[in-house]
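> In case you want the letters, here they are:
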Amino acid sequence: MNKSVFLGAMAFAGLAAGVASAGTLDDVKSRGTLNCGVTTGVVGFSAPNAEGVWEGFDVDVCRAVAAAVLGDSTAVEFVPTTPKTRFTALSAGEIDMLSRVTTWTLSRDADLKFTFVGVNYYDGQGFMVPKELGVSSAKELDGATVCIQTGTTTELNLADFFRTNNISYEPVPIETVAEAQQQYLAGACDVFTTDASQLASTRATFETPADHVILSDIISKEPLGPTVRHGDDEWADVVRWSYNTMVAAEELGITSANVGTMSASATDNPEINRLLGHEGNMGEMLGLDPQWAARILSAVGNYGESFERNLGGQSAIGLARGLNALWTEGGLQYSPPVR
Amino acid sequence: MSTLTDPPKESFRLSMLIYDTRYRSATIQAVALIALMLGAAWLINNTLANLNTLGKTISLSYFTETASYDINQRLLDYDSQDTHLRAAFIGLLNTLLVAVMGCITATVVGVLVGVLRLSKNWIVAKVMTVYVEMFRNVPVLLWIVLAMAVLIESLPSPRAFRGENPEATMSLFDSVAITNRGIYIPEALFSNSLGNLSLFGESSMRFDVSLDLIAILVVLIAGFFVSSKIRQRADRIQEETGDRPVVWWQRLAVVLVPFVIVLAVLGFHLGYPELKGFNFKGGTHMRNSLIALWLALSLYTAAFIAEIVRAGILAVSHGQTEAAGALGMRSSRIMSLVVLPQALRVIIPPMISNYLNLTKNSSLAIAVGYMDITGTLGGITMNQTGRELECVVLLMAAYLVISLSISLAMNWYNNRVKLVER
Amino acid sequence: MSDTSYVRTEMLEQREPPASTVGVIGWARANLFSSALNSVLTLVALGFVAYILSALIPWTFQSVWNAESLSECREIMIATWGSTHGHACWAVINDRWLQMLYGFYPSHLYWRVNLALVLTLAALAPVLFSEKSPRQMIYLTLAYPFIMPWLMWGGSIWNPISAAVGFAIVFFGTRHLTAMTGSLIAIIASVIAALLWWMAISAPVVAGLSSVIPIGIETVQSREFGGFMLALLLGIVAIGVSLPIGILLALGRQSDLMIVKAICVGFIEFIRGVPLITLLFVASLLLNVFLPPGTNFDIILRVMIMMTLFSAAYMAEVIRGGLAALPKGQYEGADSLGLNYWQAQRLIIMPQALKISIPGIVSTFIGIFKDTTLVSIIGLLDVIGFSTAIRADANWNGIYWELFAFIAVLFFVVCFSMSRYSMYLERKLQTGHKR
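Chains as they are written, first to last, in the working numbering: chain A, 1 to 339; chain B, 340 to 761; chain C, 762 to 1196.
Just so you know, these hints were derived from the structure itself, not from any lab.
All figures in this text were calculated on a predicted structure; none of them were measured in a lab.
Just so you know, even glycine gets a beta-carbon here, dropped at the ideal spot from N, CA and C.
Derived contacts from chain B toward chain C, CB cut-off under 8 Å, selection only: (1) N389; (2) L390; (3) T392; (4) E472; (5) R475; (6) N476; (7) L480; (8) K699; (9) G717; (10) L734.
Please take these sequences and the hints and turn them into a complete structure.
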C-alpha cells in the first residue's frame, strides 16, 4: 500500500536528476554514460549477444562516440527503440543520439528537426524472390504479394514504385524482419522488400540461400546514418567527427592494430598526426582531449574493420562493400579533411 | 464558489466549512474540482510549452494530406492517393469488422465449451478444461502470433496449386482455395447490377453501399414480414375455430419466391477464385492476418466466456434441473429451455466486459499486420506525419466511442432481459 | 396355516455388481460411451488428442540441446534424423534462457532478483494464507515495499530508509497530534511534514549519511531490466500500487459527492474504454510532453505509471463489486456504533470487502501480468521483445517455435498456479450451500 508514494518519491528524484542542462556534451560527460538509441534487433546492425553485450555496425558508432567523449567504449546505455518510438525518444532527450538504420530524408531533417551527421551505410530498397519464380526484374511482379516491414520509408517507396509503373500488388505489412522472413520462407508472400543490406543479411541465414535471388532493381535511396537533435551543434560535431574519424582512418591506413604505435610517436603524415593529436588541437576544438581519435580507433577500429567484423567477410552475413567502399575505391564513403 | 453563494443566517465561521457536515461535502467537492482544474491546466500548460520547444503546433491539417501508403484489407475503396483521414476510417472499419466477427464466434464457441465442460463425458470435459486453461493462462499477444504462424506454416502456398500434379487442390468442387495467404471463397456477382449508392460524396468518409444488397435485403425483410402476418392469421384462426390451417408452404413461398426472382432479375452468379500469375484472382479473399487475428481473439475470449457460462449454469439452482427432469424433459431441452434462460441473467454482465476486452485486444492486430485503426492511424500515419499527440488522442477517442457504445447497447439489453425475467 | 411363505426368510449373499458397471469398463461406459452421441464425441476427442500429441511429442523430445547456432542445429538434425523437419532446436533456450529470464540484469546480481521474488511470496503470505502464517510476518509485509525496490535498483540503503521515515512521520504524527489538534488537522499537518521530509530534507540527509556510513549495494539502471523478470516486476508494482488507488476510486464512485463521483467514474470509464496499447503509446511517446519541460525519467518507470493507472481502474471495479456484495446491515451497523466514515471503512467495511474481492484481485493480476507482454510493441525487451532480439543475432536468425513455446510455458506456469490459488480461495470464501 505504501509503495505508491515511495515510487512517487523515486519518480521525483529521477525528475530532479533528469533536468537537462545546456549542452548534450556536458550532460554526457557529467553522467558518465552515453545513451544511444538502437534497434530492438537487426541482424548485423545491432543485437545483444549471449552475454547481453550489444554488437553490430550501428552499435560501433555509439561505442566510437563513447570512446571519444568518455574514454570508455563500454560506457554506453543502449536504448532499444522501435520505428515508432525512435524519434520521440531522441527529441524528448531520452537518448543523446540515434544510431538505428534511419534514412536521411528532408522531412526528418526539417520537419521533425533532427540533424543527420553523416551516412554510415548507403542502402537502397531492394526485392528478394525465390529463384523458382523465375523473376528477373521488379517490373515483372504484377499481382504479387509483397512482405514489407512497416513503420519505415519502405512502404511509401513501394506504393510509389508500383503506382508509377502501373502494376498491382498486395502489401503484407509486418512489424519485424524475423516475422517477414518466416512468411516469405513459407511462401505466404512472393517477394520480400526492405533495405538491400537487410535482405542480404537475412538471406545469409537461410537454410538454402542459393534458392533466393535479390533483384538488381533498387527502387530508392536509403542513406542510413546517426542522428542527433537540432540545435546542439557542438554535440552534432562530436558525433559527426567521431564517425568521420573511422572513415578517415581507413583512408589513412590506421587500424586498431597499428593505432597504438602511431599514437605513441608522431608519423611523417601530417593528417595522421593531426588526427592522433600530435599536431594541432583538433580535440580541443571539439571540446575533447587530444587522444580522442586514438581511443575510437583502438576501441572499434576504422570503418573498414567495423564493416568487415559486423557485415562483411568476417561475419556470417558476408556483404560486399559496394557503395560503401571508400571514395578512393569507387565507393561513396568520404570523410572531409581533418584540418 | 458554491459554498459562499448561499450563506447561512446564523453567524458563519470559516471553520464550519470543515467541521459542519452541512458544508463539509461542498468543501471537499470544491477542493476536488479546483485540484482537477489546476491539474488539467498544469498538463495543458506543460504540453504547450513542450510543443513550443519542439517547434510543433497542434493541428489536424495533416490528416487531409495524402497518405501515400497502401492498405491490403479494406472494406471500402482506398488507394495510396487518399488522405490520412480516409486511411484511419478504413482502419476503423477493419477494427469493427474483426470485433464483430470475433464477438459472434467467441460467444458460440464459449457457450459450447462452457456446456461441454459440464458434460458427463469424461474425456470431452477434460479436453475442454485443457483448452480453457491453455488459452486463459497464456497472453493473447502470443496466441495471435502463434495463430498466424500456424496458418502460414501448415497451409499450402498458392505456388503449390500450380503445375500438372499440384501438391494442393481447391476444395468444395473447386470453389474454395485455402492457402497460407488466406482463404479465397466465391463472391456474389450481379450481371444486371443496380450500381452503388454513394454516401457522403467525395469526402474521406465516403461510403458506397451496393444497391443490389439493399434490394435483396428489402425483399427478404418484406418476405419475413408477410410471413409473420400469415402466422398471426393462422394463430387467430386457431383461436377462433380450434383448427390450425396449414400455412408453412405459404410462409416459405412469400420469403423464397420474391428472393429468387430478385436474384434472377439482378443476374446473380458466383465468381470463383482462379490461380492467375502469382495469386488467386477473383472471389472474396479473407486474408491470413484477418483469419489469424479473428481465430486467436475469439478462441482466447471464448475460454473466458466458457468459464462465465459454466459459472452461470452452476448458479442455476439444481432444483430447477430436477423439476424439469420430473416433467419428463430431455436433458438437451432442460439445458436450452430451463437452465440457459435463467443462467443468462448471471452471464450477461461479465459477457459485456469480455466483448469490450475482445474489441480492445483487437488493437494487437499490428502483431500480424492486420491494418486496423491502430495499424493505420496509430501506426503508419503516426510514423509518417510525426504527429504523435494528435494521432494518439484521436485513436483513444475512437476506441472510447466504440467501447461506450458497446457497453450502452449491452446494458440496454441486460436491462431488457432483467425486466422480462421479473 | 402352513409354513408356506411368499417372502424370502434368509438374506441372499451379497453379489458382485455386474462386470459392465465396475472397474475400467464400467467407468468407461458411464463416462465415455453412455450414449451414441457421447461415443462419437469421445472418439473425436481421442482422435484430436492423438493427432496433437503425435506431432508434438517427437518435436519436443527428438530435439537438439547443444549447439552454437541454428545452422549447427540443422547439421546435427540432418546427421541424426536425416531431416530438419519435426525436430526442435532447444539449443537456443539452452544458450539464452538466462537472458530471457533476467534481461540485461548483471549476471553476478541475479541473486537479488531471486531474493526479491522470494520476499514477494513471503510478504504475500499473511494476506494469502492468513491462517497458516505466523503473525510476525506482517512486519515483513510492511517492510516489503521498501526492500523490494532497493533490491531491484540497488543504491544506498539510506534511500529506502528515508522513504520509510516519511511514512513513520505520517503514522506517528497522526497518532500523537490527534489528541492535541483534532484528527483532520493532525492528518494534514503530518502529511505536509512527510512531504517536506521527502522533498527537501531527505536528499541532503541521505547524502550525508551515505558519505559517513556508506552502506549500499550496486546500482542497477532500470534499462537493464528485461525478460520475464520485467513482466513479473511490472505486474507486481502495478497491482501493489494500484490497490490503494483502486480502493479510493471505488469509494469515490460510491460516494454521494457528485463532483468526486464524476471524476472517479470518468477516470475509470476512460481507462477501461481504451486498449492498454494506446496507454503504452502515451507512456512511450507522450508522457514527456505532458510533464514540465526538461523532466525525463526512464521508460520503465513511465510504463509502470501507465500500467498502474490501467490496473487501478480495473481494481476499482473489482473492489466496487466487493463493496456491493456486503450486506447493507454492515454499513448501518457501523453507523449505529457512531463510527465516522473513515473509521467505518477501515474497521468494518474494507476488511470484509477486500476479503471478498481477493479472487477478483488475483484474476486482475493475472490479466495485468499477461498484458505486460504488450511492452514489447513499444520496444522494451521483455521476454517477447527478447525473442525478437535473439532472432536478430545472426546465429539464431530464423528460429521461431522454440522461443514461443518457452515463453508460453513460462506464462502458463505462473498464471495457472495463480488461477488455481484463486479457485482455492473462492472455495474457502464460499459460504452459500453448494449442491
